[in-house]
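> Residue numbers (the working numbering), protein chains in the order written: chain C, 5 to 376; chain U, 5 to 376.
These are calculated hints, taken from the structure and not from any lab test.
It is possible that part of the hints are untrue.
As the list claims (entries may be wrong) - Taking lysine-lysine pairs in the DSS-like style, the calculated list, with each CA pair at most 27 Å apart, reads: (1) C/Lys239 <-> U/Lys331; (2) C/Lys331 <-> U/Lys239; (3) C/Lys116 <-> C/Lys331; (4) U/Lys366 <-> U/Lys71; (5) C/Lys116 <-> C/Lys14; (6) C/Lys239 <-> C/Lys331.
Given next are the chains, with one letter for each unit.
Protein chains: 2
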Amino acid sequence: MNMDALPGHKLVLDAPLPLDCGVELEPVTVAYQTYGTLNADRSNAILICHALTGDQFVADRHPITGKPGWWQAMVGPGKVFDTDRYFLICSNVLGGCMGTTGPADLNPATGKAWGLDFPVITIGDMVRAQVRLIDHLGIAKLFCVAGGSMGGMQVLEWAARYPSRMRACVPVATAARHSAQNIAFHEVGRQAITADPEWRDGAYANADTRPQRGLAVARMAAHITYLSEAALHRKFGRNLQRGSLTFGFDADFQVESYLRHQGISFTERFDANSYLYITRAMDYFDLAADHGGALAHAFTGTRVHFCVISFSSDWLFPTSESRAVVKALNSVAANVSFVEVDSDKGHDAFLLDEPEFHATVKGFLAGVESAT
Amino acid sequence: MNMDALPGHKLVLDAPLPLDCGVELEPVTVAYQTYGTLNADRSNAILICHALTGDQFVADRHPITGKPGWWQAMVGPGKVFDTDRYFLICSNVLGGCMGTTGPADLNPATGKAWGLDFPVITIGDMVRAQVRLIDHLGIAKLFCVAGGSMGGMQVLEWAARYPSRMRACVPVATAARHSAQNIAFHEVGRQAITADPEWRDGAYANADTRPQRGLAVARMAAHITYLSEAALHRKFGRNLQRGSLTFGFDADFQVESYLRHQGISFTERFDANSYLYITRAMDYFDLAADHGGALAHAFTGTRVHFCVISFSSDWLFPTSESRAVVKALNSVAANVSFVEVDSDKGHDAFLLDEPEFHATVKGFLAGVESAT
């Protein structure tokens, strides 16, 4: 779609954004959505951080797919993130493709799409852009920063770099560093994209084409990692599309058909170069390395309230990663709650209707309010 | 390489091979290797079945890669499969690309490579070709049939269909049916291959090209599933190729470089269409479905000695799959040993130097010999 016609808010930053790679990026636009009303003392704002393929449309119909928002189960009147009570903000990440500046946008130096000339960005850079947005909104201190998966990485980055700007945070199904296995899966996705001749060294926009097939393969591989073996078995097992095997290469099994659909539909809403840049940002994330090699140093003296949540069947961001964060927080005597939610839905559980998860976050937010 | 120059034995079947899809395939060549000497009463033969990307070069230098045989750790004088004692046979599977008839061979009807006109084959078809080979060698009863992963599927198929032709079997790191998650990973690999324009609807041989990039991506995705998260972490962690991050898309992390190498080197020895056909055969494998819906029915009345082995960190063929086989065997009062070997090396453990695994198989074979 034409990004100028995208619903929602846009902030054009009034100064270049310094990036971890050394570049001063400009111009930078931050596209964002808000839900609920900011109260008079500006104390009820919650920043939601989205995951790799998420965006700012947390709780309303997606302008391209027409589907409900990705955290509609969590966000709304009377819900966990209660829009009658809180002012919710979610911005598309830097490098993204839903209105915030990314590789599909015009490079002012050439008048063409950035493509691979776009600087490699980090989770820290994404958060730096969000800080500018929060400044612009006149919010000195967020009530909470929350997000799952890559969103959780941003939450941890916020807590480490800007602890005075927040009272509480909820990192969900995430890690303080991307594991070797996760880097490996991302690299498969990137190779699938760059192997597509239509990728054209990243300059596909200039040739008016797109590496759809490569991006679909990347999405298919990633999608498997978002689910658990048990969830795939329950959902599909070895169920056939038709009554019997066809002895061919069409989608005989329902799981094949499902994956193909996931791959193809993803390409309708996502930019291949954004996929490269955002996966790279996740790979680079290593909070301990950024703080002298010890994760605890990232949180020394913190007064932020933490609610760390993992899911028992999540093998992409397993509970052991959350435990490492909790251990670091405990070693600096932080205020931390930790819940491993029992679920067989895999990593995607953070997006789904998981009553124990929802009740935990709701209780935590109420607790932080009353702890004033 | 030119397959006519391939070292080792070749058997051209003297009659068409009936396939599960209904086709009578001809001509069919079976390429195989042997190790050790068949004894006078032809009672010391062991058939080794190879995995998806393995071949008949179990215990000698590979003619293309120059690397040691894939089960060199297990096969040789004094080793588990002791070539001073046993006569070992391993044939390239039907559909393969190391001398046995597959999609890269000439279709006699057209004089061109089969490509996608090659019939879709099954594990049962692979075994049927092996039975012909064993007949040809004049072996009425094998001492043992052994193999890991897809090799283990063939072992189970042998035990179910031809129990009178074997005394013992060793299915390792395998399953009686391919799971939804495994079908999903295979489908990603197939999509990566068929998305490569050089695949040309399977007719790449006629165009003198090959879908190398697609096949490399398929291999990379699969390779991750062969390892455990712990093995990847121990081997690579977040170690960098150079001293620091480059803020680019070159292989910054050692795990990326390793995966890329795995992908590229695989394309030098493997045919993309063979990869499609063999993964399909694995997806189709469902021993219970082939025997009236109950796995136990596959083994009713069996007198074969079974030694079922799994590895604790194998998430591709987890121990639960082996347990399902053992449960079925127990329900028909079969003679079955079951060992879950404690290892953090993932699925690939079956190819590696795992002392507990090796000792188990060695002891089992001795036990079967003395049980005469």
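> Next step is simple, just say for each hint if it's right about the structure.
Verification of the supplied hints:
no. : hint                  : verdict
1   : C/Lys239 <-> U/Lys331 : holds (24 Å)
2   : C/Lys331 <-> U/Lys239 : holds (24 Å)
3   : C/Lys116 <-> C/Lys331 : violated (47 Å)
4   : U/Lys366 <-> U/Lys71  : holds (25 Å)
5   : C/Lys116 <-> C/Lys14  : holds (21 Å)
6   : C/Lys239 <-> C/Lys331 : violated (35 Å)
When held up to the earlier numbered hints, the structure conflicts with 3, 6 and fits the remainder.
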